[in-house]
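J.: Put chain P on the given structure of chain D with help from the hints.
If you read the protein sequences in the order shown, they are chains D and P.
For any residue, its number in the working numbering is found by taking its place in the first sequence, counting from 1, and adding 901.
For any residue, its number in the working numbering is found by taking its place in the second sequence, counting from 1, and adding 74.
Be a bit skeptical, because a hint or two may be false.
[Stated by the list, open to error] Examples of chain D residues lying across from chain P (beta carbon under 7 Å, computed):
#: 1; residue: S946
#: 2; residue: M949
#: 3; residue: G953
#: 4; residue: I987
[Unchecked claim] Computed beta-carbon distance windows for the label pairs:
#: 5; chain 1: D; residue 1: T976; chain 2: P; residue 2: E126; range: 43 to 53 Å
#: 6; chain 1: P; residue 1: T150; chain 2: D; residue 2: S952; range: 31 to 41 Å
#: 7; chain 1: D; residue 1: H970; chain 2: P; residue 2: A112; range: 38 to 48 Å
#: 8; chain 1: P; residue 1: V86; chain 2: D; residue 2: P940; range: 15 to 25 Å
#: 9; chain 1: P; residue 1: V104; chain 2: D; residue 2: I966; range: 21 to 31 Å
If you are wondering where the hints come from, they were derived from the structure by calculation, not from laboratory data.
Keep in mind that this is a model prediction, so the values were computed, not measured.
Ideal placement from N, C-alpha and C gives every residue a C-beta, glycine not left out.
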Amino acid sequence: KNEVEQSPQNLTAQEGEFITINCSYSVGISALHWLQQHPGGGIVSLFMLSSGKKKHGRLIATINIQEKHSSLHITASHPRDSAVYICAVGRGTGTASKLTFGTGTRLQVTL
Amino acid sequence: GAGVSQSPRYKVAKRGQDVALRCDPISGHVSLFWYQQALGQGPEFLTYFQNEAQLDKSGLPSDRFFAERPEGSVSTLKIQRTQQEDSAVYLCASSPGRNTEAFFGQGTRLTVV
Chain D
902 KNEVEQSPQN LTAQEGEFIT INCSYSVGIS ALHWLQQHPG GGIVSLFMLS
952 SGKKKHGRLI ATINIQEKHS SLHITASHPR DSAVYICAVG RGTGTASKLT
1002 FGTGTRLQVT L
Chain P
75 GAGVSQSPRY KVAKRGQDVA LRCDPISGHV SLFWYQQALG QGPEFLTYFQ
125 NEAQLDKSGL PSDRFFAERP EGSVSTLKIQ RTQQEDSAVY LCASSPGRNT
175 EAFFGQGTRL TVV
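Next up, chain D with everything else stripped away, as it sits in the complex (with noise of 0.2 Å):
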């Protein structure tokens, strides 16, 4: 069993639906980050969170850490947020966190 699991794996939204994509982990962590990746290989940081609640314009992420997920929101979705959302955990304490990944979901919106 992987220490990140994503759900789902693939995504296929109409413009406008909101959209959940959750990760759940099974260790410790000292931070859970989402991140986007674009066909071509870039990787931009959506969120960095150890608790609660982030957003940054119609992206929403949460934490929970008793239960070990965490969810990314994606509000009034559009055609550019095709990509894909990756979760990772970091696990350092002492020195950086090298990040541990989920296997990605790949969403797709549709006009």
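T.: Frame of chain D, contents of chain P only:
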């Protein structure tokens, strides 16, 4: 530049050839990570530098893989005698310090034929 820069973006190598992949982190970033991402998979940790010190190389898959960061800025990942299973995107990330947000480069896509 403002971001993490990796070169080359694409590399095709014949099996058995040695390759060197370069990462220019964001200026002043202490931490530098290398990750390997196979097709359709999430990235996997290879190695970590704090300044010039390689503090963790537990993810390097074999002794054919070697990384260095001699002056605490630019890093090079070298793969000797490449094999087909080395084909992947190699990602570099840097961060300002401990447990801070990571900034990723565009990656180098290595194809071994």
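J.: Is the hint on M949 of chain D kept, meaning its closest Cβ partner in chain P is under 7 Å away?
T.: holds (5 Å)
J.: Are H970 of chain D and A112 of chain P spaced within 38 to 48 Å by their CB atoms?
T.: Once the Cβ atoms are compared, 26 Å apart, the range 38 to 48 Å for A112 of chain P and H970 of chain D is violated.
J.: Starting from the range 15 to 25 Å, see whether the pair V86 of chain P and P940 of chain D falls in it by beta-carbon distance.
T.: holds (19 Å)
J.: Per the CB criterion, is I987 of chain D less than 7 Å away from chain P?
T.: holds (6 Å)
J.: Kindly confirm whether 31 to 41 Å is satisfied by the beta carbon distance between T150 of chain P and S952 of chain D.
T.: holds (38 Å)
J.: Next item in the hint list is S946 of chain D. Is there a CB on chain P closer than 7 Å to its CB?
T.: holds (5 Å)
J.: A range of 21 to 31 Å was offered for this pair. Does it hold for the Cβ distance of V104 of chain P and I966 of chain D?
T.: holds (27 Å)
J.: The hint says 43 to 53 Å between T976 of chain D and E126 of chain P; measuring C-beta to C-beta, is that right?
T.: holds (44 Å)
J.: Next item in the hint list is G953 of chain D. Is there a CB on chain P closer than 7 Å to its CB?
T.: It is violated, given that the least Cβ distance between G953 of chain D and chain P is near 16 Å, above 7 Å.
Comparing the model with each numbered hint stated earlier shows that hints 3 and 7 do not hold.
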